[in-house]
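For reference, the chains in residue letters:
2 protein chains.
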Amino acid sequence: MTSASSQLAKPGFDHHNLPYCSFMIGDGDADAKLGVRLGDHVLDLEPIAQELDASMVGWFAMGNLDRILAGSPQMWASIRKAIKDWVTSDKHGEVIAKHAYPIEKVILRMPFTPNDYVDFYASEQHALNVGKIFRPQNPDLPASWKQLPIGYHGRAGTLIVSGTDVKRPYGLRRVDGKVEFGPCRFLDIEAEMGFVCGNGVNGPIDLADADQHVFGAFILNDWSARDIQAFEYVPLGPFLGKSFATSISPWVVPLDALKAARISTPPRDEPLAKYLDDSDTEPSALDISLEVLWNDESVSSPPFKVMYYSYAQMATHMVVNGASLRAGDVFGSGTISGAEVDQRGSFMELTWNGAEPVTLENGGTRKSLMDGDVVEITAKAPGPDGSVIDFGSVIGRITG
Amino acid sequence: MTSASSQLAKPGFDHHNLPYCSFMIGDGDADAKLGVRLGDHVLDLEPIAQELDASMVGWFAMGNLDRILAGSPQMWASIRKAIKDWVTSDKHGEVIAKHAYPIEKVILRMPFTPNDYVDFYASEQHALNVGKIFRPQNPDLPASWKQLPIGYHGRAGTLIVSGTDVKRPYGLRRVDGKVEFGPCRFLDIEAEMGFVCGNGVNGPIDLADADQHVFGAFILNDWSARDIQAFEYVPLGPFLGKSFATSISPWVVPLDALKAARISTPPRDEPLAKYLDDSDTEPSALDISLEVLWNDESVSSPPFKVMYYSYAQMATHMVVNGASLRAGDVFGSGTISGAEVDQRGSFMELTWNGAEPVTLENGGTRKSLMDGDVVEITAKAPGPDGSVIDFGSVIGRITG
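Which chain is which? The protein sequence lines are X and P, in order.
According to our numbering, the first sequence is numbered sequentially starting from 1.
According to our numbering, the second sequence is numbered sequentially starting from 1.
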C-alpha cells in the first residue's frame with residue numbers, strides 16, 4: 001500500500017476498527033492467512049509478527065481466528081494492542097506495507113470455524129410484525145417474549161462467507177392449498193448482527209462477564225424459505241426453511257472496537273429475571289446502523305439499537321441452563337426491524353407477506369427474491385473520537 | 001483376554017457386531033485410542049494394524065472415528081473386513097490378545113467429534129401421546145407430520161458420552177402460575193436411536209444412497225427439562241429445555257452390522273413425496289429393541305421398528321433443501337414410543353405428565369427424575385445367523 005498513514009486516514013477502517021479476517025492471495029490454492037483490515041488493504045499478520053514480535057506468531061499461524069478464540073480475553077487485548085501499535089507507529093511503515101494486500105486482490109474466507117449456531121428473535125418490532133402478518137386475530141407477542149430472549153439452534157455447517165452464491169432451496173410447501181415438492185417460492189432475507197464466542201466455559205455465566213466469552217461481531221443474513229418454513233415449523237421450529245444457508249460478513253469486529261457504540265437497552269415493560277437484568281451492568285446494546293441493498297438499491301435501514309435484548313443477554317441466556325459454550329460458537333440477533341416501514345429487516349415484512357410488493361428501479365416489482373437477485377447488507381457504528389466502525393458487508397446472489 | 005475365540009463366543013459382541021469406540025487406558029492422562037469391542041474386551045486397532053496390515057494404520061491414528069467418517073463407504077467396508085478377518089483368523093490370536101483390554105479397565109470417550117446435531121420426531125405414538133397430554137381438545141398430529149419427518153437442530157457441543165453425570169438444568173418456568181427462575185422440576189429422558197454421518201456431501205441425496213452417507217448407529221438419551229421447554233418453545237421450538245445435555249452410548253455399530261435387522265417401514269396413511277418414498281428402496285427401518293432402566297429397574301421397552309420414518313428418510317430429508325452434510329453430523333430419531341404403556345420412551349408419557357406416577361421397587365414413587373437417579377437405556381437387534389447385535393447402553397446419573 002502507499003503507506004500505513006494513508007490507510008489510517010480512511011474512515012471506517014482506521015486503527016480504531018482493525019477487524020480480523022481469513023484471506024487467501026491469488027488463485028485460491030494458497031494457504032489461508034489471518035489478516036486485519038486497514039483502510040482498503042488487508043495486513044497479513046503472521047509475517048508481520050515474525051518481523052516485529054515473534055512471540056505473537058503462534059496466535060496467527062492457523063490462518064483464521066480459531067486459535068485466538070480459544071485464548072483468553074487478556075490475550076485478545078494484548079494481540080489487539082500489539083497490532084494497533086504496529087500500524088500506528090512511525091517505525092514500522094515498511095514492514096506493514098510489505099505485508100499489505102489491496103482488498104480487491106484477496107479472496108476472503110470464513111474467518112473462524114463455527115461450532116454451534118444459535119439464532120435469536122430479539123427485535124420487538126419484528127416479532128410484532130410476524131404476529132400481525134400470520135396471526136392477525138391474535139397478533140400478540142409469544143407469552144415468554146418479554147421474559148427471555150427466544151432462540152433456537154441453526155445449522156452451523158451451512159454458515160457461509162459473504163460472496164458465496166445461495167442456491168434456491170427445494171422442499172415441501174403448500175401451493176394453492178396443495179402440498180407439493182419444489183423450489184422455494186418465497187425466498188427471503190433476515191438482516192441481523194452475529195457474534196462469535198471465545199474462551200469456552202461451562203455455563204452458567206454472569207451477565208457482567210459476558211464480554212469474557214464474546215469475542216466480536218459481524219453482519220449476518222439468515223436466508224429464509226418462508227413457504228418451506230411455514231409448512232414444517234409446527235411444533236419444533238424452523239428447520240429446512242433456514243438450514244440451506246446463512247451468510248456472514250468476512251470481518252470480525254472485536255468488541256473492543258465497539259465501546260463508543262454501547263448504549264442501554266430499551267426500557268423494560270416487564271421486569272427481567274436476575275440473570276438477565278442489565279440495569280446495573282455496563283450497557284451492552286449497540287448503536288449499529290444497517291442498510292439492506294436489493295440489487296444495489298437501498299430498501300431498508302434496520303437500527304440494531306432498538307433490539308430488546310443485547311448480545312450480552314443473549315450469551316448469558318444461551319448457557320443459563322448449564323450448557324457449555326465453546327470457542328467458535330456463533331449466535332445471531334434475529335431479524336432487526338425498526339418501527340418505520342423502511343427499517344424492516346426482512347422482505348416478508350417490507351412487502352407485508354407479498355401484499356405490498358417493492359418496486360426496484362433496476363429490476364421491476366418484487367414480492368420476494370428472484371434468481372439472479374443480489375442482496376447486500378452493510379453496517380456501521382460510531383467509533384472513538386468521532387470515528388466510524390465499518391462492518392463492511394455481507395453479500396449473496398441467488399442462483400436457481 | 002483368554003483368547004479371541006472365547007470372546008467370539010460371547011453373544012451380542014461377536015464378530016458380527018464389532019462396534020467402534022474411543023477409549024483410554026488407566027488414569028485418563030493417556031491418549032485416546034480407536035477400538036472395537038469383541039466380547040468383553042476392547043481391541044486397540046492402531047497397534048494391531050501395525051503388526052497385521054500397516055496400510056491401515058492411518059485410519060486408526062486419531063484415536064476416534066473422525067478420520068474414518070471422513071472416508072468413503074468403500075473404505076468403511078475394507079476396514080471392517082480387515083478387522084473381521086483379524087479377529088476370526090486362527091493366525092492372529094496372539095496379536096489380538098496382546099492389544100485387548102478388559103472393558104472394565106478402559107475409560108470410554110466420545111467416539112467421534114460431533115458436528116451438527118439434528119433431532120427428529122418420528123414415532124407416531126409419541127407424537128400422539130404428546131398431543132393427548134398437551135392439547136387434549138385437539139390431540140391430532142401436527143399438520144405436516146405424515147408428509148415429512150419433523151426435526152430441529154440441537155446443541156452439538158453438549159453431546160456427551162455415556163457415564164457422564166447430568167447436572168439438573170436451571171431456567172425460567174411456571175410454578176403455580178408464576179414465572180420463576182430455578183432448577184428444573186420435571187426432568188425427563190427421551191429414549192432414541194442416534195446415527196452418525198460420514199462421507200460429507202452437498203445435498204440433496206437420493207433415498208437409495210443414504211447408506212453412502214450414514215455410517216452407524218448408537219443409543220441416544222435426549223434429556224429434557226419439560227417445564228423449561230414448555231415456557232420457552234413457542235414459536236421457535238425447544239432450546240434450553242434440551243441443550244444442557246444429550247447422552248450417547250460409546251459404541252458406534254456400523255450399518256453393515258444391521259443388515260439382518262432391516263425391515264420395511266409401517267404402511268403409509270398418506271402418500272409420501274417422491275424423495276421420501278421408500279416403497280422401492282432397500283428397507284431401512286430397523287428392528288431394534290430398547291429397554292429403559294430407572295435406577296436399575298426396567299420401566300419400558302420401546303420398539304424402534306414402529307418408527308414411521310427410517311434413518312434413511314431422516315438423512316435424505318435433512319439435506320433435501322440443498323444443505324451440506326458433514327462427516328460427524330449426528331441425528332436422533334426422536335423419542336421411541338410403542339402403542340403399549342410399557343413401550344413409552346419418555347417419563348412424561350409413562351407417568352402421563354405426572355398424573356400416573358411410577359412406583360420403583362428401590363426408590364419410591366416418581367413423577368420425574370430426582371437427583372441421584374440413574375437412567376440406563378440398552379438396545380439389541382437381530383444379527384446374521386441367529387446372532388444378536390448388542391448396542392451396549394447409555395447411562396447417566398442426575399446431580400443437583
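The set of hints was computed from the structure by calculation and includes no laboratory data.
Be a bit skeptical, because a hint or two may be false.
Copies of one chain are not kept apart here, so a pair can be met inside one copy or by any two copies together.
[Stated by the list, open to error] For lysine-lysine, the following DSSO-like pairs were computed, each having C-alpha atoms within a straight-line distance of at most 30 Å: (1) Lys146 with Lys132; (2) Lys105 with Lys274; (3) Lys178 with Lys132; (4) Lys178 with Lys367.
Okay, the hints, checked on the actual structure:
no. : hint               : verdict
1   : Lys146 with Lys132 : both (17 Å within a copy, 29 Å between copies)
2   : Lys105 with Lys274 : neither (50 Å within a copy, 46 Å between copies)
3   : Lys178 with Lys132 : both (24 Å within a copy, 27 Å between copies)
4   : Lys178 with Lys367 : within (21 Å within a copy, 43 Å between copies)
Going through the hint list in order, the structure does not satisfy hint 2, though it satisfies all others.
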